[in-house]
Amino acid sequence: MNSIKEKLKKFDVKSLTLYIGAVLILIIFTVICSINGKDFLTTSNIQNIISQSAVIAVIGIGASLVIITGGIDLSVGSVVGFVGIFAGVLVKAGVPLFATLLICLAVGALVGAINGALVSYGKVPAFIVTLGTMQIVRGLTKVLTDGRPIAGFPESLAKITQTEILGIPVVILYVFALYALVMFTLKKTKFGRRIYAIGGNPNAAKLSGIKVQKIETLTYVIAGIFSVIGGIILLSRLSYADPNAGSSYELDAIAATVIGGIAMSGGKGKIGNTLVGALILGMLKCGLQILNVAVYYQTIITGLVIIVAVYLDKAKERKAE
Amino acid sequence: MEKCILEMSGICKSFFGVQILKDVELQVMPGEVHVLLGENGAGKSTLIKVLSGAYRKEEGCIVLDGEELCCDCPKEIIGKGISVIYQEFNLNPYVSIYENILMGKEIANKGIINTAKSIEFAKKYLDLIGLDVDPCTLVSELSVAQKQMVEIAKAISCDVKLLVLDEPTAAITDKETEKLFEIIRNLKKKGIGIIYISHRMSELFEIGDRCTVLRDGEYVTTVDLDKTDVDELTKLMVGRNVSFERVENNYIDDSTKVLEVKNVDYKDILKDVSIELKKGEILGLSGLVGAGRTELAKCIVGAYKKTNGEVYLNGEKLKGKDVKESIDKGIVYLSEDRKDEGLILIHTLTDNIALPNLEKFGNPVLDINKMVEVSKDYISKLKIKTSSHLAEMKNLSGGNQQKVVIAKWLHSDASVYIFDEPTRGIDVGARDEIYNIMLDLVKNGASILMISSDLVEIQKMCNRIVVLKDGRVTANLQNTDDLTQEKILHYALTGGEQGE
Chain A
-13 MNSIKEKLKK FDVKSLTLYI GAVLILIIFT VICSINGKDF LTTSNIQNII SQSAVIAVIG
47 IGASLVIITG GIDLSVGSVV GFVGIFAGVL VKAGVPLFAT LLICLAVGAL VGAINGALVS
107 YGKVPAFIVT LGTMQIVRGL TKVLTDGRPI AGFPESLAKI TQTEILGIPV VILYVFALYA
167 LVMFTLKKTK FGRRIYAIGG NPNAAKLSGI KVQKIETLTY VIAGIFSVIG GIILLSRLSY
227 ADPNAGSSYE LDAIAATVIG GIAMSGGKGK IGNTLVGALI LGMLKCGLQI LNVAVYYQTI
287 ITGLVIIVAV YLDKAKERKA E
Chain B
19 MEKCILEMSG ICKSFFGVQI LKDVELQVMP GEVHVLLGEN GAGKSTLIKV LSGAYRKEEG
79 CIVLDGEELC CDCPKEIIGK GISVIYQEFN LNPYVSIYEN ILMGKEIANK GIINTAKSIE
139 FAKKYLDLIG LDVDPCTLVS ELSVAQKQMV EIAKAISCDV KLLVLDEPTA AITDKETEKL
199 FEIIRNLKKK GIGIIYISHR MSELFEIGDR CTVLRDGEYV TTVDLDKTDV DELTKLMVGR
259 NVSFERVENN YIDDSTKVLE VKNVDYKDIL KDVSIELKKG EILGLSGLVG AGRTELAKCI
319 VGAYKKTNGE VYLNGEKLKG KDVKESIDKG IVYLSEDRKD EGLILIHTLT DNIALPNLEK
379 FGNPVLDINK MVEVSKDYIS KLKIKTSSHL AEMKNLSGGN QQKVVIAKWL HSDASVYIFD
439 EPTRGIDVGA RDEIYNIMLD LVKNGASILM ISSDLVEIQK MCNRIVVLKD GRVTANLQNT
499 DDLTQEKILH YALTGGEQGE
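Residue numbers (the numbering used here), protein chains in the order written: chain A, -13 to 307; chain B, 19 to 518.
This is chain A alone, in the form it adopts within the complex (with noise of 0.2 Å):
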């Protein structure tokens, strides 16, 4: 009795919203598409949906971890498109592809902690430092090639997202492999624990003996590296890099987060949420391409998405005023 009890407490009615919420979209979807005499359901539109979502999903672990902190991050879309760029630069200069990836994730470690030691160190505002960084970073990207796109990638590079194991697209595995491991340093490592302390209050962090700007600064590297893993993933998927890439995919990768269930506030939220979150944006982009809904349209939806979606999470809180 007593187990049942404790069981029906830890049961997370917030995330079943959200649960309820991606199958609600799946189903209505699923009708829409029927009653147009179209198949919603595929597996090729699921691997599609998927896919397409994977990049907003991987940059979206970033932008939640950084959230969980209490701040913001909006350079990690900059990132993105500075990384397909830079890469091409490299490897029309004969830099061998996997060296290449990896001075990738150094700089987007390197624009990581300037964020956070700017942030964390300088006291300057979360939203302010990224703002200038995402400007920064975008203007190099277009600097370093006259605003010009790049061709003719390595077939290597290609081949990173487009095999598959088992029948799956590889780049499934590798966001869930992402997310497991995220997920898992959250809730069951140091580091993890002591994020979410920073973003529930920093004083009594300070006061528990964590090195709370240390911290702090670290969330922003791993968001930079994280946001130059997901540039990777674009860049292979297209085989071709545009200086205007991954623009608003900061916006898209907050979205994901809020509609996630992650508080902005900081200190609380499950970043497991964030790829169901970064699964509906997907789901709602593929859903109206395939039923040929303007794409003005798509954006008017996805907004009012997002505001229901933070609107029913706040329903508890609502309640308790």
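It is worth saying that the hints were derived from the structure and are not from the lab.
Please read these numbers as outputs of a predicted model, since none were measured by experiment.
DSBU-like mimics (lysine-lysine), calculated; alpha carbons at most 30 Å apart, straight line:
| no. | chain 1 | residue 1 | chain 2 | residue 2 |
| --- | --- | --- | --- | --- |
| 1 | B | Lys342 | A | Lys176 |
| 2 | A | Lys173 | B | Lys357 |
| 3 | A | Lys192 | B | Lys296 |
| 4 | B | Lys357 | A | Lys200 |
| 5 | B | Lys394 | A | Lys173 |
| 6 | A | Lys173 | B | Lys399 |
| 7 | A | Lys256 | B | Lys378 |
| 8 | B | Lys297 | A | Lys192 |
| 9 | B | Lys342 | A | Lys254 |
| 10 | A | Lys173 | B | Lys412 |
| 11 | B | Lys401 | A | Lys174 |
| 12 | A | Lys300 | B | Lys412 |
| 13 | B | Lys378 | A | Lys254 |
| 14 | A | Lys176 | B | Lys335 |
| 15 | A | Lys254 | B | Lys394 |
| 16 | A | Lys176 | B | Lys337 |
| 17 | B | Lys347 | A | Lys176 |
| 18 | B | Lys461 | B | Lys280 |
| 19 | B | Lys339 | A | Lys200 |
| 20 | A | Lys192 | B | Lys275 |
| 21 | B | Lys342 | A | Lys256 |
If you want the ones that stay clear, here's a sample from chain B, every Cβ over 10 Å from chain A, calculated:
| no. | residue |
| --- | --- |
| 22 | Pro48 |
| 23 | Asn110 |
| 24 | Met121 |
| 25 | Phe139 |
| 26 | Gln164 |
| 27 | Lys207 |
| 28 | His217 |
| 29 | Asp242 |
| 30 | Arg442 |
| 31 | Tyr453 |
Don't be surprised by glycine CBs; every beta carbon is placed ideally from N, CA and C.
Dock chain B against chain A, hints included.
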């Protein structure tokens, strides 16, 4: 008899089941400076917050100028003519003086502000209180005393009938105090009633007419200030002449110094503070709010970077760079501010207890089951009342929150514990439980530095008492039977310069 401008009677207020105000009364005459006096935690601020509508009173009645106030909304109360000037000013520093004075009652024609008229209006009131500054000056450019004068100008521009000044001289110089008193005397002449809160005994006699004393949330008495003296007031504040059981502590090892603090300076808050703590000792740190007690504790554990001085723990010098070092070496600080510094309210009880002790729960992978086990253990050991070990801290009562703060540090197994106001806002039953935990700690060889404004608990628990005043150690007293609360309070109030 003259009619009161303010009459408060039978005021009751409690938080989380702890009664803060019990049947308190206060009467202020027009043109009177009425001093509100009491120890820290006596209920002065709570009473003022009830008056200003910031807190809702549970019982009692407030009559202003013959009219009962039934509203609980601060804005309405300001409209009725009550104005409170807190220590932290309610001014917008980024706009000019005249805009601050006219905030909420802008002089406008069809929504367009009439700047010339506004400035003229503000100037009138600045002149009235003798502040010779251009009304267009930004508030951020003013000194503390000038800001205070702007607050007063703002208050009287609303036809104030009753003005409350909360520690108005805490942050201003003697010369500025003189000017403030001049303004107060002018306001008196206009028939405005003034409630004056201050700990500075000397100035009470200079500016005050009558004085109401509160103790432990209860009304003690109202006296005419020209018919009393510092000693009598002190006695009234402390009250209890009753002796109480001092706790026997047989665990002191006089030969072992655990903690040595040598010549610590911190900004201009602490000046050359040195204290020693012996093994098994409970050392009380007494003093008024603002004396630098919490700052000293935070300097010891490295949360604040001391300007000068050294801290030795078991003979080993601490670098004092961060809190982590102190925790690792075995000295921990239990903050007085549970909500802002002690706990993460949106996280669970288990998470809060585990936070400073994550190393103990496995590296690199944390053992969640062990965390749950430990927290359940503390729930039963410290009798924490909670729905489960996964309850969010914000849902627990103050006393139970405090027990969680204690639990999180008990598990860190320190040799020195600094308790900062461990029983603030906690009911009597829980207090005794917390005292017992402290005694268990010294029994097991730990030492305790206890910061408290409650002289009763200081005398009950401590072997020795160090008194701070304005950042300096003014007394180091053995807690013997002949030590009185008046004596401790005397050192805290005057630094021991006069009398004795």
